[in-house]
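Colleague: Those protein sequence lines, which keep their order, are chains A and B.
For the first sequence, this note's numbering assigns the number 1 to the initial residue and increments by one for each residue that follows.
For the second sequence, this note's numbering assigns the number 272 to the initial residue and increments by one for each residue that follows.
Honestly, the hints are just simulated from the structure, not real lab data.
The beta carbon of each residue, even a glycine, is placed where N, CA and C say it ideally should be.
Now the in silico label distances, taken between C-beta atoms and shown as ranges:
1) B:Leu-285 x A:Ser-96: 15 to 23 Å
2) A:Pro-42 x B:Trp-367: 38 to 46 Å
3) A:Pro-42 x B:Glu-481: 50 to 58 Å
4) A:Asn-43 x B:Leu-370: 43 to 51 Å
5) B:Pro-398 x A:Thr-228: 38 to 46 Å
Partial list, computed: chain A residues near chain B (C-beta under 7 Å):
6) Leu-108
7) Ala-111
8) Pro-113
9) Leu-120
10) Val-124
11) Ala-203
12) Gly-204
13) Tyr-207
14) Val-208
15) Leu-223
16) Ser-231
17) Pro-234
18) Ala-237
19) Ile-244
20) Ile-245
Result set (EDC-like, lysine to aspartate or glutamate): computed pairs, CA atoms no more than 20 Å apart in a straight line:
21) B:Lys-278 x A:Glu-100
22) A:Lys-94 x A:Glu-159
23) A:Lys-169 x A:Glu-157
24) B:Lys-278 x A:Asp-99
25) B:Lys-278 x A:Asp-107
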Amino acid sequence: MSRNLILGAALSSLVLMAALMSFIWTPYDHAVLNIPAKLQPPNAQNWFGTDHFGRDMFSMIMVGARTSIAVALVAVGIGMTLGVPLGLTAAARKGSWLDEFIMRGNDLVFAFPSLVIAILITAVFGAGAINAIIAIGIFNIPVFARITRGAALSLWEREFILAARVSGKGAARISAEHILPNVANLLIVQGTIQFSLGILAEAGLSYVGLGAQPPTPSWGRMLADAQTMVSFAPHLALIPGLAIIMTVLGLNLLGDGLRDWLDPRIRVARA
Amino acid sequence: MLRYALKRLLSLILSLAVASVVIFVVIEIAPGDPASFMLGVNAQADTLAALRAELGLDVSKAERYFNWVGGMLVGDFGTSYTYRTPVSQMIADRMWVSLPLAIYALTLSTLIAFPAGIYAAARRGKPGDVAVMGATQLGIAVPNFWFAMMLVLVFAINLRWFNAGGFAGWENGLWTGLRSLTLPAIALALPQAAILARVMRSALLDILSEDFMRTARAKGLSHRQALWRHGVRNALIPVLTIIGLQFSFLLAGSIIIEQVFYLPGLGRLVFQAISARDLIVVESVVMLLVFAVIMVNFMVDLAYAAVDPRLRSRT
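Just need the whole structure built from these sequences, with the hints factored in.
Modeller: What follows is the structure, encoded as structure tokens:
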């Protein structure tokens, strides 16, 4: 296993554990205001300090991880559940009008500036975590459709698929039983990368007030709150920012590491 | 080439048509009638009807769609519900902030990425390469609006080299204008530079393993000469594609950065219009941004096909 993989897995699982842990324990209640103890820099009682309402930043970061992970994960889920079947269908019916229709639709979604459309969606249907998930998820669909189709096309040329066809299996069954397991690795790697992009997108939307709404803590909104106070309480901006960077970096390293690890050709070349 | 260009042009028109329908429908579904929003809850029915007629809201949805698209084709983007000024005028004013910002950021990103990518490729596997690649990993993970806040903290609040926000305007001289766009441009450019440096490096590494590079060395060119004359030049093709894509991304991506720096650009216009339910402005600005992105992609595709004939047969 490469250094990337180990470091990426370590960072990602740290964030995941913080998020899961927040369901049963946080140092303080993240929603409890304690105005006398506001804007404390990091110290022994409040490891990450307190915000302008005296809320414990460490607890808020832990609960915020939950929001980020949930939004990005469901957005990847939307992309996979819709994109993968589309990609498999397009590959199975290569060259047909259906293939053409799916791929042109893909190109179209790709051509949209995703951030602008996400802002449009959340602005029109109301700000909130659900609409942020949908807005981010829509742009994951063509990513997964394209990568699935590309990988599936070369698999369809292989002998074992021919054998499956000779044994009388239909296109849908071959796609599910033979093609899908063989593209799974690729999907996991892409899923990790889309996951990290989702975290960044959620942070951006929350920052402009279009993501999760109060009282749900989110890293992006913590940064928005910090903006006017950054000059006298820099930890308010530093800490959520570092949390985002750590998560995204971890996921990207994990994705790179997994790609190398799951691809036998590269593994042989390295050994 | 002509056939390819026509085919791409057709799909460009189709994309724009679909995009305009999608945007129109999304805005149509939006709850709230602009006329009753403007007049408040106590408005008289006849005043409301008069205003709806004035805003062109009293005709069928299909008719409104064609009025909107037809208007845009001749440069008429409608009239803002809240400001009562032509939307095209508002867009033109804001464009003078957003467009220079995108160009500035793209220039910076290219200036950082080229040397970094070439340096890393030339020292593949050595500590210099590892350092540059590590830095780009970090650069990709940094949210640009957070980086923008850090720049403000260091260079505006502590060092006082720049203003923390706002736009000084071009009428006070080029330098004054550029100065207020510098921090936003850096914030936008850095994550893009990280991506571009990685593309530059891998494109150059692909070229370096080509036979003609060995020939260049065999005919007596030094390593450096071969790298610049034959390597970098050939690597430019994929890199230029990415630069084209980044430009449209920067134009759209400046929306959030404009919020950080309180810049009066297209992004702030969109947000102000959203909160004022000035939907005609939202509609037209979003359409304009989509148009810019689709147009840039189109031109990049054409330029790419012009230099590489193999791409023309692919669709």
